[in-house]
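Chains as they are written, first to last, in full-length UniProt numbering: chain A, 1 to 318; chain B, 1 to 318; chain C, 1 to 253; chain D, 1 to 253.
Incorrect hints may appear among the rest.
[Stated by the list, open to error] Capping the alpha-carbon separation at 25 Å, the derived lysine to any residue pairs in SDA-like fashion look like this:
#, chain 1, residue 1, chain 2, residue 2
1, D, Lys133, B, Arg66
2, A, Lys308, C, Ser211
3, C, Lys140, A, Glu19
[To be verified] To list a few chain D residues with every Cβ distance to chain C over 10 Å, as calculated:
#, residue
4, Val63
5, Asp121
6, Ala125
7, Lys130
8, Ala194
9, Phe207
10, Glu240
11, Thr247
Keep in mind that the hints were calculated from the coordinates and are not lab data.
Backbone N, C-alpha and C fix where the C-beta goes; we use that ideal spot for every residue, glycine too.
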Amino acid sequence: MQSVDSAAEQAEFDRKIAEEQKIEPTDWMPDDYRKNLIRQMSQHAHSEVIGMQPEGNWITRAPTLRRKAVLLAKVQDEAGHGLYLYSATETLGISRSELIDALQTGKAKYASIFNYPTLSWADVGAIGWLVDGAAIVNQISLQRTSYGPYSRAMIRICKEESFHQRQGYEIMYALAKGTPEQKQMAQDAMNRFWWPSLMMFGPHDSESAHSGRSMKWKIKRQSNDDLRQKFIDQTVPQIEVLGLEMPDPEIKWNEERGHYDSGEINWEEFYQVINGSGPCNHQRIKHHKAAHDNGEWVREAVRAYRAKQNQKAAESAA
Amino acid sequence: MQSVDSAAEQAEFDRKIAEEQKIEPTDWMPDDYRKNLIRQMSQHAHSEVIGMQPEGNWITRAPTLRRKAVLLAKVQDEAGHGLYLYSATETLGISRSELIDALQTGKAKYASIFNYPTLSWADVGAIGWLVDGAAIVNQISLQRTSYGPYSRAMIRICKEESFHQRQGYEIMYALAKGTPEQKQMAQDAMNRFWWPSLMMFGPHDSESAHSGRSMKWKIKRQSNDDLRQKFIDQTVPQIEVLGLEMPDPEIKWNEERGHYDSGEINWEEFYQVINGSGPCNHQRIKHHKAAHDNGEWVREAVRAYRAKQNQKAAESAA
Amino acid sequence: MNQQQQNLFRFLVALGDDSVVLSHRLSEWCSNGPYLEEDIALGNVALDYIGRARMFYQYACEVEGKGRTEDDIAYFRNEREYTNLLIHELPINDFAFTMVRQFFVDVFYCEYLKQLMNSSDETIAAIAAKAVKESRYHLKRSEPWIRQLAEGTDESLRRIKDALLELENFVGELFLMSDWEQSLVEQGIAVDRAKLQKDWDAYVQKFLGESNVHFPDSQLQIRGGREGIHTEHLGHMLSEMQYIQRTMPGLQW
Amino acid sequence: MNQQQQNLFRFLVALGDDSVVLSHRLSEWCSNGPYLEEDIALGNVALDYIGRARMFYQYACEVEGKGRTEDDIAYFRNEREYTNLLIHELPINDFAFTMVRQFFVDVFYCEYLKQLMNSSDETIAAIAAKAVKESRYHLKRSEPWIRQLAEGTDESLRRIKDALLELENFVGELFLMSDWEQSLVEQGIAVDRAKLQKDWDAYVQKFLGESNVHFPDSQLQIRGGREGIHTEHLGHMLSEMQYIQRTMPGLQW
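Required output: the full structure, derived from the provided sequences and hints.
Structure below.
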C-alpha cells in the first residue's frame, strides 16, 4: 500500500513541479528533495549570518556617522535574512539548533567568500557591490524555485539586497572619485573581491555535483555558468563608470556571443578555501562559537524564567 | 620568665632603634612594629603593582617606538619593585598570596593617586615626573628606615625611580616645548596630577593616624608635611623651566621661610578617593582580580607539573 | 557666539556625545549577541542613538555657524574634548551589564526627553519628541530582560548584581547639573536633571525590588564626563572609531 | 633605489614589521600575566622585539635614503602596507596560545638568525648576531612553559592543543620564499627560509612528542602577510598603535 501511495504522491509532486506549482511544507516530497533543500537553504542562511562578520568588522571604524548607520542597518538586515531563512528551513522538519550545530561542526557550509578578510573600508563597498550583486543574480533566479517558503524568502530578501548593492556601489563611487589614495583603496578592494565573487556561483556546470538534480526539481532554475555570465555582463559597465582598471585583463566584449569574455577562475584556490584553508575559515567559526557559548547563560536564564512562570501559572490555575 | 625575656628583648630593640641600627627579620620586634611595617610595606608594594595599570594604559598607544620601549621598561621596573617589596614584606611572616588577598578584598590600600585615570599621553609624563618625583622624596627618607630589608629595598628602588622621573620630565619637556596643542596637553596633565601628587604624602602631620608611632620606631623618618614641602620646593622650579602655568595660583616663594607657599589641598577629595570613590578604584581592583583569576589555570598547571615531577623523582629514588 | 549660544552649543554637543558613545558601544554587540534576534534588537537601539547624535550635532553646527559638520564634531575631538556622561562609555561587558545600563538610561531618558519636549527651543523639542518614543520602546525591551535575568538562574542573578555594583557609582552623574546647563534651564531650553533623581530612584528600586534585587539610592560619586574627565575606556574607543578620519582627514566618504 | 636596494629595503621593512607587531602583542600582557614575574618576562621579550624592529627600520631608512625615520615606517603605513608574516599579528589569546606562538617563533628565529649572521650585508649580520642571543634566551623560557602546560592539568593540556590548532595554518608562512627574497638569498644577503622547514618540523615535533602532544607537519595554508593581506586583527591593532601619530602627525614626542 505504501508504495502505491508513494507512487501517487511522487506523481502528484512531479506534476506540480512540471506545472510550476510551488511545493509547500505540508506537501509530500521526495526525501532527497527535502535533503537537497535543507542543504541549500541552510547554507544560504549560514552565509547571511557568517557574512555579518566581515562587514561587522568595520562598523566601529566607519568613516562617517551616516556610513556607520547605513552599515549597521545593513548587517542587521543580514541577521534578519538569516532568521528568515532559518525559519523557512525549519519548515522542512529541522530545528535551528540542529542547523547551528551543523554550521559549527563544519557539516554545513556557508558562502566561501566570507572566508576572505575585510582589510579596508573599501572592502565594505566591494562586498556590498560585488558580493551582494552576485547574490542578487542568484536570488532573482531562485525567486522561481519550486519550494514555496524558499521562493517567498527570496522575493523578500531580494528587495533589501538590491538596496545594499546600491549602497555598496555608492561607497565605491565616492572612493573611486576621491583622492588617488581613496581610488587605490577602491581598486585594491575590487581586485581582491572580484574573483571570489565569481566563485560564488559555484563550479562550472560540467563540474557541479548537485546541479543536475536541483535543476530537474526546479530548486535551481539557471546554471552556475549562465548566472556567472549574467553577473559579469552587468558588472563590467559599472566598473567602467567607476573608472577603475578591470580586475581581469582578459575581460573583453564579445560581439558575437553578446557577452563579455573573461579569464579562467583559479579553481584550486576555490576548493582550498571551501575546504577550510581560507584566511578566515577558522576565525569565522571560532567567532560564531564564542558568541554562541557566551550567550548560553542568557538562554539558560530565559528557559529557567519561563519554566518558573509556567509553574506559577499552573499553580494559580490549580 | 617570658616577661623578663620580653623586657630584655624590648630593651635590645629600643637600643638598636636609638643607635640607628637596623632591625633584621630574625630579630625580636614588637608586634605593633611588625604590623605597622606590614601595613606600610605592603601598601608600598601594592602601589607599585596597581601603578602598572594607569601607565600600562598607554603602552599600546605610545607615540614613538623609543617612547614605547622606555615606557614598557618602566612599567616592568614597577613590577620588579612590587616583587622586591613583596619579598621584603614576606620576611615579616606573611605570604604573597595573603598580601594579594588583602589587596583584592580592600583590606590593604595602595597609593590613592592610581585611582585617577590617564587620559592623554602627557599623563604618562606627568606620572613619571610628579608621581615618581613625590615617591622619591618619600623613599629617600625611607632609605634610613629602621627595618633592614625595607631600607635596602628603598636604596635599590630609588635609583630606578630617579631614572623614571627624568624620563617623565623629558616627556613633559618635549610636549611643553612642542606645538600649542602639545603644550596644552602637558599643562592639562600637570594640572590634573598636581594635587593628587601632593596628597601622596598623606594628611597633615596633625591629622596623621600612624605618624607618631612610626616616627618613634624610625619606620618613618620625616613628617608628611616636611616631605611635601620638599617636593614642592624641588618641583616649582621645574615647572618654571617647562614654561607652564602654575597648577596652584597660590604658589609663591616665601623669602622668610625659605620655602614655597602653596594653597590648601582639597582633603574632602582625598578622603573620598581613599575610601573608594575615585574614578578608577573599582576598575583597578577589577583589573587586578581579572588578571589573577585568568592566570589561575596556569598556576594550577605549574603546581600539578611540579607534583608530578616530584613524584617521579621520588619513585626513581625508591 | 554669545554666551547663550555657547551654552547651547555645549549642551547640544554634550547630548550628541552621550548618544554617539552609547551607540558605539551597542554596535559592538553586532554578531556577538546571545540570540540572532538580540543582534538585531541591540542594533536597532544603536541606530536610534546614532540618529540622535546626528540630530544634536547637526543642530550644534548650525548654532555654531562655522560650517563644521556632524562628522567634524564626532571624529576630530579627542577624549578630553568629548563631554559625554561616563555611564555611556563603559565597555559592554556581558549581556547583563549591557541590559542593566540600558534599563537605567531608558528610565532616565523616558522622563528627561519627555520634559525636554517642552523646551523653548523648537528644534530641541522636536528632537526630544522623536527620541522619547524610541526610548519608551527601548524600555519595553530592557525591562523584561532585567526581569528574566534577575529571576532566571543563579548565574544570571549574580551577573545582574555584578552589573549593578559596576554601575552604582556612575548613575549619579546623570543628575548632575552644571552652571551652564542651569542657565539653559532658566531660559526654558534645558531640563533640570537634578529634579529627576528622586523619581528615577523610586522607579528603579520598585522595579528591581519586584525581582527581590536591591539597588541603593543613586549617589553622585564618579563625575567628570561633562568636563572631559573620562574613564580610561573612552580613549581606546575613539582610537578605533576615528582611525580613518584621523588618517585621511578632510575627504568625502 | 635600484632593484637590489628596493629588495633590500623591502626585506628590512618586512623583518621590522614582524618584530614590531609581535612586540606589540607581547606588550599587551603588561599587568595581565598569571604571575608578576611573567609580566616582567613577557615585557623583556617585547622589549627585545621592539629593539629589533628599530634596528631593521633604521637601516631600512638608511638604505632608502629619503630621510624617513623608524617612526615614519611604524606609524604611517596602514594594514595593506604592513608586510609582517601573519603569525606575529594574531591576538594574544590565552597564556597557552602566547607561549606556543612564542615557542614556534623562538625555534624559528634561533636557526634563521644564526644563518642570517652570515649575511654578506654587515649591518644585517650584526643585527642578527645580537638578536640570535635574545631568541636563544627566549627559547629557554618558552620551552619549559610548553612542557609544564602540556604536562600540567587537563585544562592546560587542552589549552595547549587549542593553541596548536589555532596556529597550525599560520606556521607554513614562516618558510615561504618570495621572488625578491630569493634574489637576496642569491646575493648572500638573506636566508632561504624554505630550507629551514624540515628541521623546524623535526625539532618541534620531537619536543612536543616528549610531552605526548602531536603536531602535524607545518603546511603552507594561510599566506599573504608579505603582500599586505592580513587577518582582520592587524587593522584594529594599528588603529590603536598609530592613533597619536595619525592625530598629530609630524611632531616631536
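Exercise for the section: Assess, step by step, whether the Cα of Lys140 of chain C is no farther than 25 Å from the Cα of Glu19 of chain A, and give holds or violated. Expected result: violated (48 Å)
Handout entry: Separation of Ala125 of chain D from chain C, once the least beta-carbon distance is taken, above 10 Å
Key = holds (36 Å)
Handout entry: Check on Thr247 of chain D being off the interface with chain C, judged by Cβ distance over 10 Å
Key = The assertion about Thr247 of chain D is violated, with a minimum of 5 Å to chain C.
Practice task
Could you let me know if the closest chain C CB is still more than 10 Å away from the CB of Val63 of chain D?
Solution key: holds (26 Å)
Handout entry: Closest CB of chain C to the CB of Asp121 of chain D still more than 10 Å away
Key = holds (33 Å)
Exercise for the section: Take the C-alpha atoms of Lys133 of chain D and Arg66 of chain B, compute the straight-line distance between them, and say whether it is at most 25 Å. Expected result: holds (21 Å)
Handout entry: Closest CB of chain C to the CB of Lys130 of chain D still more than 10 Å away
Key = Given a closest Cβ separation of 33 Å, the condition holds.
Problem - Pairwise hint evaluation, Ser211 of chain C against Lys308 of chain A, where the allowed Cα distance is 25 Å at most - result: Holds: Lys308 of chain A and Ser211 of chain C sit about 13 Å apart, inside 25 Å.
Handout entry: Distal placement of Ala194 of chain D relative to chain C, Cβ over 10 Å
Key = holds (36 Å)
Problem - Least C-beta distance from Phe207 of chain D to chain C larger than 10 Å - result: About 37 Å separates Phe207 of chain D from the closest Cβ of chain C, which puts it past 10 Å; holds.
Handout entry: Cβ separation check - Glu240 of chain D to all of chain C, threshold 10 Å
Key = Not fine: 5 Å to the nearest Cβ puts Glu240 of chain D too close to chain C.
Checked against the numbered hints given earlier, the structure breaks hints 3, 10, 11 and satisfies all the rest.
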